[in-house]
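Undergrad: Here is what each chain is made of, one letter per residue.
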Amino acid sequence: MSVSSVFPQLEQLLPRVSKPIQYVGGELGAVVKDWDTTTVRWALMYPDAYEVGLPNQGVQILYEVLNEQEDVLAERTYSVWPDLEALMKEHGVPQFTVDAHRPVTAFDVFGLSFATELGYTNMLSALDLAGIPLDSADRDESHPIVLAGGHASFNPEPIADFIDAAVLGDGEEAVLEITGIIREWKAEGRPGGRDELLLRLARTESIYVPRFYDVDYLPDGRIQRVVPNRPDVPFRVAKRTTMDLDAWPYPKKPLVPLAETVHERYAVEIFRGCTRGCRFCQAGMITRPVRERSITTVGQMVKEGLEFSGYSEVGLLSLSSADHSEIGDMCSGLAEQYADTNVSLSLPSTRVDAFNIDLAQELSRNGRRTGLTFAPEGGSERIRKVINKMVTKEDLIRTVVTAYSNGWRQVKLYFMCGLPSETDEDVLEIAEMAHEVIRAGREAAGTKDIRCTVSIGGFVPKPHTPFQWAPMDRPETIDGRLKMLKNAINSDRSLGRAIGFRYHDGEPSLIEGLLSRGDRRVGQVIRRVWEKGGRFDGWSEHFSYARWVEAADEVLPGFGVDLDWFTTREREELEVLPWDHLDSGLDKDWLWQDWQDSKSEYEQDDCRWTPCFDCGVCPSMDTEIQIGPTGKKLLPLTPVNNLRVPA
Amino acid sequence: MPIAFSQGFTPHPKISYASAAPTGVGSEAEYLEIGLQAPVDPEELRVALDAALSPGLDVLEAVIAGPGSLADRIDASHWRLELPGVEPAEAEKAVGAFLDSSEVLVERMTKQGRRSFDARQAVTRCEVAGAPDLPSEAVAVPCAIIDLVVRQVTPAVRPDDVLSGLRVVAGLEPPVPPRVTRLAQGTLTAQGEIADPLDADRVDVGIGER
Numbered sequence: 001m002s003v004s005s006v007f008p009q010l011e012q013l014l015p016r017v018s019k020p021i022q023y024v025g026g027e028l029g030a031v032v033k034d035w036d037t038t039t040v041r042w043a044l045m046y047p048d049a050y051e052v053g054l055p056n057q058g059v060q061i062l063y064e065v066l067n068e069q070e071d072v073l074a075e076r077t078y079s080v081w082p083d084l085e086a087l088m089k090e091h092g093v094p095q096f097t098v099d100a101h102r103p104v105t106a107f108d109v110f111g112l113s114f115a116t117e118l119g120y121t122n123m124l125s126a127l128d129l130a131g132i133p134l135d136s137a138d139r140d141e142s143h144p145i146v147l148a149g150g151h152a153s154f155n156p157e158p159i160a161d162f163i164d165a166a167v168l169g170d171g172e173e174a175v176l177e178i179t180g181i182i183r184e185w186k187a188e189g190r191p192g193g194r195d196e197l198l199l200r201l202a203r204t205e206s207i208y209v210p211r212f213y214d215v216d217y218l219p220d221g222r223i224q225r226v227v228p229n230r231p232d233v234p235f236r237v238a239k240r241t242t243m244d245l246d247a248w249p250y251p252k253k254p255l256v257p258l259a260e261t262v263h264e265r266y267a268v269e270i271f272r273g274c275t276r277g278c279r280f281c282q283a284g285m286i287t288r289p290v291r292e293r294s295i296t297t298v299g300q301m302v303k304e305g306l307e308f309s310g311y312s313e314v315g316l317l318s319l320s321s322a323d324h325s326e327i328g329d330m331c332s333g334l335a336e337q338y339a340d341t342n343v344s345l346s347l348p349s350t351r352v353d354a355f356n357i358d359l360a361q362e363l364s365r366n367g368r369r370t371g372l373t374f375a376p377e378g379g380s381e382r383i384r385k386v387i388n389k390m391v392t393k394e395d396l397i398r399t400v401v402t403a404y405s406n407g408w409r410q411v412k413l414y415f416m417c418g419l420p421s422e423t424d425e426d427v428l429e430i431a432e433m434a435h436e437v438i439r440a441g442r443e444a445a446g447t448k449d450i451r452c453t454v455s456i457g458g459f460v461p462k463p464h465t466p467f468q469w470a471p472m473d474r475p476e477t478i479d480g481r482l483k484m485l486k487n488a489i490n491s492d493r494s495l496g497r498a499i500g501f502r503y504h505d506g507e508p509s510l511i512e513g514l515l516s517r518g519d520r521r522v523g524q525v526i527r528r529v530w531e532k533g534g535r536f537d538g539w540s541e542h543f544s545y546a547r548w549v550e551a552a553d554e555v556l557p558g559f560g561v562d563l564d565w566f567t568t569r570e571r572e573e574l575e576v577l578p579w580d581h582l583d584s585g586l587d588k589d590w591l592w593q594d595w596q597d598s599k600s601e602y603e604q605d606d607c608r609w610t611p612c613f614d615c616g617v618c619p620s621m622d623t624e625i626q627i628g629p630t631g632k633k634l635l636p637l638t639p640v641n642n643l644r645v646p647a
Numbered sequence: 001m002p003i004a005f006s007q008g009f010t011p012h013p014k015i016s017y018a019s020a021a022p023t024g025v026g027s028e029a030e031y032l033e034i035g036l037q038a039p040v041d042p043e044e045l046r047v048a049l050d051a052a053l054s055p056g057l058d059v060l061e062a063v064i065a066g067p068g069s070l071a072d073r074i075d076a077s078h079w080r081l082e083l084p085g086v087e088p089a090e091a092e093k094a095v096g097a098f099l100d101s102s103e104v105l106v107e108r109m110t111k112q113g114r115r116s117f118d119a120r121q122a123v124t125r126c127e128v129a130g131a132p133d134l135p136s137e138a139v140a141v142p143c144a145i146i147d148l149v150v151r152q153v154t155p156a157v158r159p160d161d162v163l164s165g166l167r168v169v170a171g172l173e174p175p176v177p178p179r180v181t182r183l184a185q186g187t188l189t190a191q192g193e194i195a196d197p198l199d200a201d202r203v204d205v206g207i208g209e210r
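Which chain is which? The protein sequence lines are A and B, in order. The first sequence finishes on residue 647 if you use UniProt numbering, and the numbering steps up by one all the way, no holes. The second sequence finishes on residue 210 if you use UniProt numbering, and the numbering steps up by one all the way, no holes.
No lab work stands behind these hints: they were computed from the structure. Ideal Cβ positions, reconstructed from N, Cα and C, are used throughout, including at glycine. Accuracy of the hints is not assured; some may be wrong.
Here are some chain A residues the structure puts well away from chain B; computed CB gaps all over 12 Å [to be verified]:
{"id": "1", "residue": "Asp-128"}
{"id": "2", "residue": "Glu-304"}
{"id": "3", "residue": "Thr-402"}
{"id": "4", "residue": "Ala-445"}
{"id": "5", "residue": "Ala-488"}
{"id": "6", "residue": "Glu-531"}
{"id": "7", "residue": "Glu-570"}
Pair by pair, the computed Cβ-Cβ distance ranges are [as the list claims (entries may be wrong)]:
{"id": "8", "chain 1": "A", "residue 1": "Tyr-414", "chain 2": "B", "residue 2": "Pro-39", "range": "41 to 49 Å"}
{"id": "9", "chain 1": "B", "residue 1": "Glu-103", "chain 2": "A", "residue 2": "Lys-483", "range": "56 to 64 Å"}
{"id": "10", "chain 1": "B", "residue 1": "Tyr-17", "chain 2": "A", "residue 2": "Glu-550", "range": "45 to 53 Å"}
This is chain A alone, in the form it adopts within the complex:
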């Protein structure tokens, strides 16, 4: 049965909403396939506005991987702004894909990628607009499988009622395996209905189906256990790891947005995973081991991606890009190839050391030295030991001064506030550091015309990290420290004038903390917040702390717990955590030991250069570190002004 486009109805509403172009699709790189000649159909959602969602790397990769399959169709959908949501409700227009404007509910799978937990309320809006029951239990065979992925799915318990399944880890192979299971089930005439399909997914042992697990609680509110409620599903569900990134060179055909978006560049992941071991960093913990993409594959991807898209910026992404074993040759090779073009290269997520400046110099050969960013994360030497961010104050000053003396005029420093064991003094040291950066920088640059921006965010303890047991600070404490820091920065007027200060309030972090480490009971809070109008919680102009507190106060006391219980409470070693049945490969004993090491300010080295420290990932996931160098170089390209028109 064919599915028709909702565009004629939608078009009537577009003149009445802001930025209507974000809803029309048709971007370069977009794919529209025939509905009837495909057998498995995916609607992929990044649950935020188009301007944030479109550049998302994960969605672009899966979109392309799926559409390369002949009998598979994948389309994209994003959150609609409240103005359009209201009109769609009024006129009965369902949640649609931007590619062919098909209703989401007609697809086999509705896959949502959660980079952050603050997208949960947007999922409920999308389900509601799509006409899909909010509760998994209320869905039938006419509804798509609602599937969560992305980093937040390493603890999907707060949304367990709303999703049908979750995938942990890398998606490239997972989406193909899921497609295969659905294809087979449909070909067999959908035996056993929706439950059978979910069971087949669960039997892979790497797809989590919440309805097949029961959670029991202790009288004090803690979890007693999470166990399967049927004999044929695994006790623990393991994450996916895509090995050999050279075999998965996606995106090959990056999407080029029509509306303005937050990133407009061709992003190439140069490696996945990180073993630097920063204790706050969930991404670094759950994506192990390190798997590099080789210099030649990166070079090829950049060449073809730029030819396809016409982007003029390339981002070489990873969790710590300067750590790639071939980063020097990669940067100089690419800089050479694009020297006389308008292509600029950027290297986000770099370390605090002089090598970094060398790389940045390579990449800014064309003379544009806009700004450099470093992330010391903690203000004091002590707190940096607590979080295992191994950089000394001397290193940092030396690095920044090198940058200033090499022509950079603007340096950004990233920090966190509210880290475990943090005191006022730890935060105040940020001001001293910034002052010293400016003082030394002025001397080195020989000019007063240099700037430094201190950017500080609230720490949120995340599942599957050594800080998963840690208490959060109250928002008042965070806000108080930020105020103190601001005053300290401005205590010297001459230096203070050269220092910009950007910060986030403590309140959104506390709610992110509730959602990150919450269990199934938190789902009721999310639902209440959404019912009260909560949308776009990642946007300060839409986020309402009062609404979350109110909803938490209505829901949680019924379970004998409260907001503080989930956020500011330190967990004990033996407490069952809501995500213990979800296996990131990290050994819980190792995580606990690393938490203890943090308390004693003991630093943990990187296993790429020192012996294995038994975090548990490689043996339990049957993976290994994949790093170079390959010894290869980037070959010179044919000149880019040799023009050809695509067929």
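Given chain A, put chain B in place with the hints provided.
TA: Frame of chain A; chain B shown alone:
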């Protein structure tokens, strides 16, 4: 394509749009100028741009720009306004009242805030067209069609300003948003026709050959 870039710290591609249609209207006649770093065959450029643009954004023609700016050759626009749910007779009455007025003040939100201006003077033609070629199943719904030519003035008078004018003078309130399409733009001739702005450049040579 070897697009030229502006000089300076953040180079921008050299593209300028001549009187771009407002958001939410259709157009069959948009014009833009592109600066290139190197000679390119116009047809090759057209094909390349068309391939990269969205379905429905069709690049019809490329010519080598002669002297003078494109903007100087565009001083009027020809529009078609479809008003589903509006009886042609009702539209006829409103258009008559509009044309009989020497001035019709309308309001619009601009970047400078709400402002009031005359929507009448810039209109050189406004008439209700004959019955459209509608698909047979749509015959039951009346649909007035207005043929409109507007001169370019400051502040710009757009089709929705003329529709506001029809509301002001005759209380015409379309039940659903009208569908507006720009049919042509260019130089307004003495006979009230619109001359194609590319006519002057439409000569059979490649870029770099003159």
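Undergrad: Hint by hint, say whether it matches the structure.
TA: Hint by hint, here is what the structure shows:
1. Asp-128: 25 Å, holds
2. Glu-304: 15 Å, holds
3. Thr-402: It holds; Thr-402(A) is separated from chain B by about 23 Å at its closest Cβ, greater than 12 Å.
4. Ala-445: Ala-445(A) clear of chain B: closest Cβ-Cβ about 18 Å, beyond 12 Å.
5. Ala-488: 33 Å, holds
6. Glu-531: 31 Å, holds
7. Glu-570: Per Cβ check, Glu-570(A) is outside 12 Å of chain B; nearest 48 Å; holds.
8. Tyr-414(A) <-> Pro-39(B): 41 to 49 Å: 47 Å, holds
9. Glu-103(B) <-> Lys-483(A): 56 to 64 Å: The hinted range 56 to 64 Å holds for Glu-103(B) and Lys-483(A), with Cβ atoms some 58 Å apart.
10. Tyr-17(B) <-> Glu-550(A): 45 to 53 Å: 48 Å, holds
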